[in-house]
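A.B. asks: Each chain is listed here by its residues.
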Amino acid sequence: MTASTRGTLLLDRGVGPLLVLPATLLVVVFLVGPFYYMMYTALTDLSFADASRNGNFVGLDNFRKLMRDDPLFWDSFLLTLRFVVLAVSIEFVLGFALAFLIFRFVARQRLLTTLLLIPMMIAPVAVGLIWRLLLQGDFGMVTYYMRKVGLLSQNAAVLSSPDLVFPAIVAIDVWQWTPFVTLVMLAGLMSLPRSPIEAAMMDGAGPVRVFLDVMLPLLKPIIALVLLLRGIDAFKEFDKVFIMTGGGPGTLTELVSIYAYRVNFRNWDLGYGAAVAFMVYLVVLILCSIFYKAIYWSANRPAPLGGHG
Amino acid sequence: MKTFAGRLIMGGIASVLLQVAQAGAWTLEEAAKPYSGATVRVVGEALPPLEALAKLAPQFEQATGIDVEVEMYEHSEAVNKVQLDLNSRRGRYDVIIQPHRELGKFATNGHLLDLAGFMNDAALRDPTFKPEEQLYEKPWKEISWYDGKMYGFPFTVLNLFMWYRTDLLSDPKEMEGFKAKYGYDLAPAQNWDQYRDIAEWFYRPDQGLYGTALQAKRHEALWYEWLNFLYSFGGDVLDVKSGSECGPVIVNSPQAVAALDYYKSLLAYSPPDSLNYFWDDVMALMQQGKVAELIMWNDATYAVAVDETASTVVGKVGFDITPQGEGGKVGQIEGWSYLVPTYSKNQQAAFLFMQWMMGYDRQLEQHLNGGATGRPDVYAAAEVQKLPYSNASMAAHEAGRPKATLPQSSEMTDILVRELSSSLTGEKSSKAALDTAATEISKLLGSCAPMSYPAL
Amino acid sequence: MDRPASRPWVAFAWAVLAVAVVVALTPYLWIVLASFKNRVDLFASIPKWTFTPTLANYPAVFIGKDYWPLAINSLVISTSSTALCIAIGAPAAYVFARMDFPGKEDLFFFFLTTRMAPPISIAVPLFLFFTALGLIDTIYAVVIAHTSFNLSLVVWMMRGFFADIPREIDEAAVMDGRSRLGAFLFIVVPLAAPGLAATAVLCFILSWNEFLYAFILVAFEGRPLTVGIPGLVTPHGTLWGQVAAVAIVATLPIVVFTFIVQRQLVRGLTFGAVKG
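Protein chains in written order, with my numbering: chain A, 1 to 309; chain B, 1001 to 1456; chain C, 2001 to 2276.
In isolation and in its complexed conformation, chain A is listed as follows (with noise of 0.2 Å):
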């Protein structure tokens, strides 16, 4: 029992927060460290490609041109907010619904969430890779029965269609990550309390009013991890676009990570990269903490995921 001892000992004497050491200690290290690196690359003119540039500094140079010179990268930046904007709020609504459908209805869950869950596990790679294969306009299984249907003329194309294209991507998006919103507000729904809910229709509330007063409330945090999560994912969206549309045609799909790649691993202008990234970053940064911060007031505890207990 030496170790349970020992535990004792440093768990009830106030060292237990100890334990996020090693959680810190790698992030640290790792993803942040890094990110230094990359923060100050940003104020010199790295670049692997010419010769001349080797690294000299350049202050801010980098973030004036980004700010005032490139109207590719805002470009592509609004682009990407749209895109985190309605996939997210589509795969949101989508994955709940699911969820609730499941959880009021469903008794034997394992095969059907199983089920569900395919799309999510499909490597983004692949994942771009499957549906080109099924938006192909000339082979496409896809494509064909929206032709079928009329979803689509003769003459057109899902990925060529300038109208079409952006939407698409969205809709695959939708497609993977829908499942993701579906298993954890089934997780969330499983673990309500049901007190509160026997207690509010005792007193005769509809099924209406209970999901709305009592579960909603309770859901807050998990909704809010959720979002959170998703949100960030979306924004930082690669390979699926990249594979099936490299950012074409012309840039109605170049998200905000496409262009990043270009500037660093095509033009391997790693400077300016590094600002773009960092700029990314940011907003990032700034959009979580208000919605953060947003979240932590409403709920009005000292942590927002804090339990019911």
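Simulated from the structure, these hints should not be mistaken for laboratory data.
All residues carry an ideal CB built from backbone N, CA and C; glycine is no exception.
A hint or two may mislead.
Here are the simulated DSSO-like pairs of lysine-lysine, each with C-alpha atoms no more than 30 Å apart in a straight line [to be verified]:
#1 B/K1141 to A/K65
#2 B/K1055 to B/K1181
#3 B/K1149 to B/K1173
#4 B/K1241 to B/K1130
#5 B/K1264 to B/K1181
#6 A/K65 to B/K1431
#7 B/K1055 to C/K2048
#8 B/K1345 to B/K1241
#9 B/K1428 to B/K1264
#10 C/K2065 to A/K293
#11 B/K1264 to B/K1329
#12 B/K1345 to B/K1264
#13 B/K1033 to B/K1179
#14 B/K1130 to B/K1141
#15 B/K1264 to B/K1033
#16 C/K2065 to C/K2048
#17 B/K1345 to C/K2065
#18 B/K1033 to B/K1173
#19 B/K1149 to B/K1345
#20 C/K2065 to B/K1386
#21 B/K1316 to C/K2048
#22 B/K1431 to B/K1329
#23 B/K1329 to B/K1316
#24 A/K148 to C/K2048
#25 B/K1386 to B/K1329
#26 A/K65 to B/K1345
#27 B/K1181 to B/K1329
#28 B/K1264 to B/K1179
#29 B/K1149 to A/K148
#30 B/K1138 to B/K1386
#31 B/K1138 to B/K1149
#32 B/K1386 to B/K1141
#33 A/K220 to C/K2065
Just so you have them, the derived chain C footprint on chain B, three or more residues with Cβ under 8 Å [what the hints assert, rightly or not]:
#34 1186-1197
#35 1281-1295
#36 1309-1319
#37 1327-1340
Position chains B and C relative to chain A; hints supplied.
C.D. replies: Same frame as chain A, but now just chains B and C:
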């Protein structure tokens, strides 16, 4: 016991003697002795010629005791993996097989070994290996040389030319109908007007046949393909003689605008999904017999004209150099080269392996397995001449025009592809798109690249 | 909500769920079929749902192209990083759920911020860093990278699950003579098992499917399936049958894995009963 210096002198004398008296006595086994046990790590694009190399390598290993490890990645993965390796200077790779647009970036950053030293080293150089006589000189100098220095040898010498369906073009009913409509005989296109007429004539999407198939996805494929039109219409990206030169930007010249307008006009006879198609899709269409004519790669010919497991049109495809334009009948020089990183720890062994791979027998073997050799004598071989695309490929090599291998060339490509793609969606006119491209390229290259045709 | 649902509602629910399943599965099913098609059937203009299956694609890619070690690599990388992630992340999450210390909420938010930077920007520095450490080209590099990336997920998800377990339960356990650590390991962790399993599954999937870091940090011999897939898209024509075969093999273990933990995922999520 001889002293070290003594041995050195003896060795020197011996090698001089060998050089003078017994030039023919050079053997790979002898040359490789000091490097036996070394491992040469090769990296390149996952394609049949590299697979063929991997199959040949054991012969080299047996003869020399030098191990060969081959790593195969997808096109852009192969480039990125190498770029990172070079910049970390760790020297994982001994032979890097890279597309020629990367050359300037690698050479100017000091990543590549100048091979002149090894070529003059009698111990390493096989006296029968005479690249200046045995290789297509112009493509070799473009894809493996930079600024007058030799960095490597061609792994594949590539170009694009016209593919057409012989069965369709020689069908009497088609010929009759075509003549009635256009007033001249149906035959493989000699100029771009004919090319478009043929595309229009055979465009029957309801029967699953397209006149042509463009590779118009936002992808390097679009750049490669459009350059054929650009050159043929008498345009170019920069006004220079070789890929390593910087010069005035002329990509928005009237000829270039005409080339893009023409290219755009072909979209009408191309599959509906052309804006999302690249080589992979047009290959599949061609193999399924759904396209009458197109402009396509020489190293992809094997899978459509020979390989019956992949193609339904074996024996029904003809090949010819691209049609005549104001700029003549031209092609473009493209290719992947064997290069040796400065950081490699097995440079001599790497050189021996490259030299061995450039030998006739290996080149023939590779070529017959879907490769694209840089040796004219391999093209002359009877087995190769039997392949229906050999003449077109040889003609395209002769007519090849260089394109930029400057350090900024991949960024130039990226700019052009983006603007071409924007123009094809109808977002921008040809002129506006090329003006933007020219402005950005000029800005990228700096003072050496003024704009010859100022943007409006 | 235990009152029995009315019939039309049940029918409606099942209809919606059926549609959802069809939409979710059809693309996957199509790829399963594609992996058994020859080139002619793959490129038929009218989709072929029935055809003479060929088994050639699987051996062609896994043996002919020597892709089977990639599956092993994927497994090793994902399993190690998931185990590491849970081992390091779960205790941290527990601390966040139960204890107070200065700067706690800031540190908690900090974990989330590590997910926000675009991977592309960190990739090059990380490559140079691992090169300096001598870990480049080894599986350790990518395991560490995946672990640090998924830690935020573990910390965030598990804090919620731990918080759902009433404090009284571990307090009661401590009263009964267990240490805090013992209470955590033997009382809290089993109660949180469903959440833990769900989190682990997510970590596994994210690591298994990750492309960029795996591509940059691992050597050719150690590359996982995701890195191998693009190699089948070539100017000589994409080998769709082989792409499909790899995609199937790449998803199969995860499907099975999820199916197994599904029991805990769904059945075990009954915190309410414990709460009494």
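A.B. asks: Hints first: check each against the structure and report whether it holds.
C.D. replies: Comparing the hints with the structure gives:
| no. | hint | result |
| --- | --- | --- |
| 1 | B/K1141 to A/K65 | violated, 38 Å |
| 2 | B/K1055 to B/K1181 | violated, 52 Å |
| 3 | B/K1149 to B/K1173 | violated, 56 Å |
| 4 | B/K1241 to B/K1130 | holds, 25 Å |
| 5 | B/K1264 to B/K1181 | holds, 23 Å |
| 6 | A/K65 to B/K1431 | holds, 26 Å |
| 7 | B/K1055 to C/K2048 | violated, 36 Å |
| 8 | B/K1345 to B/K1241 | violated, 35 Å |
| 9 | B/K1428 to B/K1264 | holds, 12 Å |
| 10 | C/K2065 to A/K293 | violated, 52 Å |
| 11 | B/K1264 to B/K1329 | holds, 20 Å |
| 12 | B/K1345 to B/K1264 | violated, 50 Å |
| 13 | B/K1033 to B/K1179 | violated, 68 Å |
| 14 | B/K1130 to B/K1141 | holds, 14 Å |
| 15 | B/K1264 to B/K1033 | violated, 58 Å |
| 16 | C/K2065 to C/K2048 | holds, 27 Å |
| 17 | B/K1345 to C/K2065 | holds, 28 Å |
| 18 | B/K1033 to B/K1173 | violated, 67 Å |
| 19 | B/K1149 to B/K1345 | holds, 21 Å |
| 20 | C/K2065 to B/K1386 | holds, 29 Å |
| 21 | B/K1316 to C/K2048 | holds, 26 Å |
| 22 | B/K1431 to B/K1329 | holds, 24 Å |
| 23 | B/K1329 to B/K1316 | holds, 24 Å |
| 24 | A/K148 to C/K2048 | holds, 15 Å |
| 25 | B/K1386 to B/K1329 | holds, 24 Å |
| 26 | A/K65 to B/K1345 | violated, 41 Å |
| 27 | B/K1181 to B/K1329 | holds, 26 Å |
| 28 | B/K1264 to B/K1179 | holds, 25 Å |
| 29 | B/K1149 to A/K148 | violated, 59 Å |
| 30 | B/K1138 to B/K1386 | holds, 25 Å |
| 31 | B/K1138 to B/K1149 | holds, 14 Å |
| 32 | B/K1386 to B/K1141 | holds, 28 Å |
| 33 | A/K220 to C/K2065 | violated, 50 Å |
| 34 | 1186-1197 | violated (count 0) |
| 35 | 1281-1295 | holds (count 4) |
| 36 | 1309-1319 | holds (count 3) |
| 37 | 1327-1340 | violated (count 0) |
When the structure is compared with the earlier hints, violations turn up for hints 1, 2, 3, 7, 8, 10, 12, 13, 15, 18, 26, 29, 33, 34, 37 and for no others.
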